[in-house]
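Chemist: Protein chains in written order, with the numbering used here: chain A, 34 to 308; chain B, 1122 to 1414.
In short, the hints are calculated from the structure, not lab data.
Be aware that a few hints might be false.
[What the hints assert, rightly or not] Covered stretches of chain B (in silico footprint by chain A; criterion: 3 or more residues with CB under 8 Å from a CB of chain A, positions within the stretch not fixed): (1) 1215 to 1226; (2) 1386 to 1397.
[Stated by the list, open to error] Label pairs and their calculated CB-CB ranges: (3) LYS1236/B / HIS87/A: 35 to 45 Å; (4) PRO1391/B / GLY86/A: 33 to 43 Å; (5) PHE198/A / GLU1283/B: 47 to 57 Å; (6) ALA1211/B / GLY232/A: 19 to 29 Å; (7) ASP1263/B / GLU227/A: 54 to 64 Å; (8) PRO1281/B / GLY180/A: 54 to 64 Å; (9) PHE198/A / ASP1277/B: 51 to 61 Å; (10) ILE88/A / GLN1159/B: 50 to 60 Å; (11) LYS1236/B / GLU59/A: 30 to 40 Å; (12) THR117/A / ALA1363/B: 49 to 59 Å; (13) ARG1262/B / ASP123/A: 37 to 47 Å.
Note that the structure is predicted; figures quoted are calculated from it, not measured.
We put the CB at the ideal spot given by N, CA and C, even for glycine.
One-letter residues, chain by chain:
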Amino acid sequence: MSSPLAHLAELLGSETVATLEKLQAEVAADRSRLAVFFPGLPRRTGRDHVGKGHIELGAGTIELAGFRRCDLAAAWLLLATAATAEELRDLMAHGDLEERAMLLRAAHVLPITEVTIEFLGEAQRTNVVLHVEAAVCDGDLVARAVGRPDFPATDANKLILKYGFLDLPLARAIGLEELANAELTRMLQDLATEREAAGRAVWCDTWRLIGRAPAPGTVARLIGGLEHGDDGVRAAAVDGLLALGRDDLRPFATERLEREPRPEIRELLQRLAGS
Amino acid sequence: MLIFEPHIHMFSRITDDYEQLALAGVRAVLEPAFWLGQSRTNVGSFVDYFETLLGWERHRAQQFGIHHFSTMGLNPREANDDRVNDDVMAILPRYCEKDSVVGVGEIGLDDQTKKEEKYMLAQLELAKAHDLPVLIHTPHRDKKRGFERCIDIVRDSNIPMERVLLDHGNEETIKITRDLGCWSGFSIYPNTKMDPHRMVSIVQEYGIERMIINSAADWGVSDPMMVPRTVVKLEQAGVPRADIERLVWDHPTSFFGQSGRLDLDALQQPASANLRDTFEGNSVLRGQDPDRM
Chain A
34 MSSPLAHLAE LLGSETVATL EKLQAEVAAD RSRLAVFFPG LPRRTGRDHV
84 GKGHIELGAG TIELAGFRRC DLAAAWLLLA TAATAEELRD LMAHGDLEER
134 AMLLRAAHVL PITEVTIEFL GEAQRTNVVL HVEAAVCDGD LVARAVGRPD
184 FPATDANKLI LKYGFLDLPL ARAIGLEELA NAELTRMLQD LATEREAAGR
234 AVWCDTWRLI GRAPAPGTVA RLIGGLEHGD DGVRAAAVDG LLALGRDDLR
284 PFATERLERE PRPEIRELLQ RLAGS
Chain B
1122 MLIFEPHIHM FSRITDDYEQ LALAGVRAVL EPAFWLGQSR TNVGSFVDYF
1172 ETLLGWERHR AQQFGIHHFS TMGLNPREAN DDRVNDDVMA ILPRYCEKDS
1222 VVGVGEIGLD DQTKKEEKYM LAQLELAKAH DLPVLIHTPH RDKKRGFERC
1272 IDIVRDSNIP MERVLLDHGN EETIKITRDL GCWSGFSIYP NTKMDPHRMV
1322 SIVQEYGIER MIINSAADWG VSDPMMVPRT VVKLEQAGVP RADIERLVWD
1372 HPTSFFGQSG RLDLDALQQP ASANLRDTFE GNSVLRGQDP DRM
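In isolation and in its complexed conformation, chain B is listed as follows:
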């Protein structure tokens, strides 16, 4: 079964993680630009971070046959920081044109401040201008109210609901989002957010329509294998295999495919950095194989 991992911060992970993901069937990962655990002090740090996601991180992924995509955005935590917020907004349009950028995100609310709302709305406009879908980070504290506020801001922007993924959902938020027309994301963690067993229960109760699951693995206690683990739990619970495949492949590729930048045929093959291998099947470069380097 092929898996599209639609939210994972590989910047913070090691090559063993890439190998494990590849062995578990993860063919593509999406890395949303986010907070790095501590605040950055100037826009240059964002420039370097964004370009690492678009350059080096894609190379790392390709070495394991994994396609790497990104979403670009000013995260809600640093939207509060006047040292960087306006400057980051000024550079984002250039990054929204990059070929592997398939959305705007993570944007949204965290502390639920006026500044967060201002920059969230501005970035919804950015998404419209670049014809990109939006990945929205929802608050971990006072979550239900924050979710509702995110939805209000999305409505204010007039961006179509089918182009919005409200992430980090749980048993309470699915009741809000299931009939909205937006996509509902669930970040499956070892201890917090959501876990595989609870995710099975949600699928059994609500089905899989417009649902997306991810590991959101980052620099904290998290597990990049949470999507494959949840696949196993879903199958053991009797969820039809076809539904699971839709959940972990069709749904994320449909959502981010709205960018017009996902080549689904190319995703059927492992990623490769070889400039000639699409033309001549036997010219694979020896040097791109980590086992040989």
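This is chain A alone, in the form it adopts within the complex:
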């Protein structure tokens, strides 16, 4: 397996790497240049994408479609210059919208340290959806970070709740559904109840996650989800019930099957009814 730096170079191509090597040399001569070069990476290396599909990069897995060329270039530059914790903190503290997104994307590739956890904390507090997306989507950073002494499951739960609060798609967060736990289910169900009381939409991936770690009220919510008017909610409810794996709930799937208009949901219901 190639090193992350070599893998990034392969993805970026020789022209971009040549540009980055010049920047690296200047940073080696004067560390303060890192803060000058970093914001210019989008215009120097581009915002286009280099491909799509899940790839292993460094210690993690990323979905390449979520990483722009400048995000990969940022990871390359930070690795190649061996950016220190203080330098990373400085870039985040004084970074513009794009810089912070690049830093959070690069965090998927860099080794996980206490600075990574600080960045995840930033993502949890921010209202900038771009930054939550950069930290959580298209990679397994959160799944890999959870369990560290400075990032216990209770902190991960808050970040996942924020993710749902912003209505971001679970499918784009690699490994996030494996972090399901009963306390997270309670938090998600409370949020759902609050939204329903207000007549507002509920994060449809709620049904998917709670089925993987039930808490009081989960079964009723999942069964109710089978009759929901939103296709996404019904699909997630069936998915949640499949994960729950309760044989005694099969009749609900059978009963719904006849009336389900969506073929893809019918397929899931058939699996549930026959499981």
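With the hints as your guide, set chain B onto chain A.
Modeler: Just chain B now, kept in the frame of chain A:
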């Protein structure tokens, strides 16, 4: 008709303004760093202000599909303040490298003091060093003389005139600037500076060459819709639509495009914060829509 609003202080405006701008066809806004209505006491306040323009304000704009750009600078009023002037000059180079910074400004003269002149000249050098065009605030009092002094300082700096926008112009200043080779800005206000009807008269008399109109809307009595309103007045007065489009889109994008940091193709599409939408058209994040939050 797409509009590039080239001078507006959205920091002081509410999200309703963004929505109205978007509905009126404003695709991009430029927010010059300026005075906040009262003096700041330390450089840290500037740091936070600059970073709000480059971060949170861009996010707010993106939520309504509006691209947000900035110019960075030490404004002339606070150039007089020794608590902050040198410290702000020391931090500006870092901000001039930010990707959404497409110029240096607002710099210029206000009270027309020696300190204002000193920092204006220093920032013209900063613009040259970072290869950025310059947005110049001209005085509201003793305007004609202040305009002429600004031009003298620009000449002293040897910055090319086509990279200079002299803003807050009026019927008197256009007579000075029209043949200089610089760009002439007009800030259209409900009561002061310039109004839509007067702007129509100026266009009818002088044409639109190297002219830029803006609302300069801020924390005072001002109207962020002044560019769209003026577009309507110009059209009603019989100004050809093609000329109006040049005035409100081609001119500001040409001027600030001199930074090399404006992607005109990207501006044809509404702004979006989604990291994947340029790659896969169907992956728009639900959470970036204010209607859903």
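Chemist: Next step is simple, just say for each hint if it's right about the structure.
Modeler: Here is how each hint holds up against the structure:
no., hint, result
1, 1215 to 1226, "holds (count 5)"
2, 1386 to 1397, "holds (count 4)"
3, LYS1236/B / HIS87/A: 35 to 45 Å, "violated (58 Å)"
4, PRO1391/B / GLY86/A: 33 to 43 Å, "violated (28 Å)"
5, PHE198/A / GLU1283/B: 47 to 57 Å, "holds (49 Å)"
6, ALA1211/B / GLY232/A: 19 to 29 Å, "violated (53 Å)"
7, ASP1263/B / GLU227/A: 54 to 64 Å, "holds (59 Å)"
8, PRO1281/B / GLY180/A: 54 to 64 Å, "holds (59 Å)"
9, PHE198/A / ASP1277/B: 51 to 61 Å, "holds (55 Å)"
10, ILE88/A / GLN1159/B: 50 to 60 Å, "holds (52 Å)"
11, LYS1236/B / GLU59/A: 30 to 40 Å, "holds (34 Å)"
12, THR117/A / ALA1363/B: 49 to 59 Å, "holds (55 Å)"
13, ARG1262/B / ASP123/A: 37 to 47 Å, "holds (41 Å)"
The structure is inconsistent with the numbered hints 3, 4 and 6, although it conforms to all the rest.
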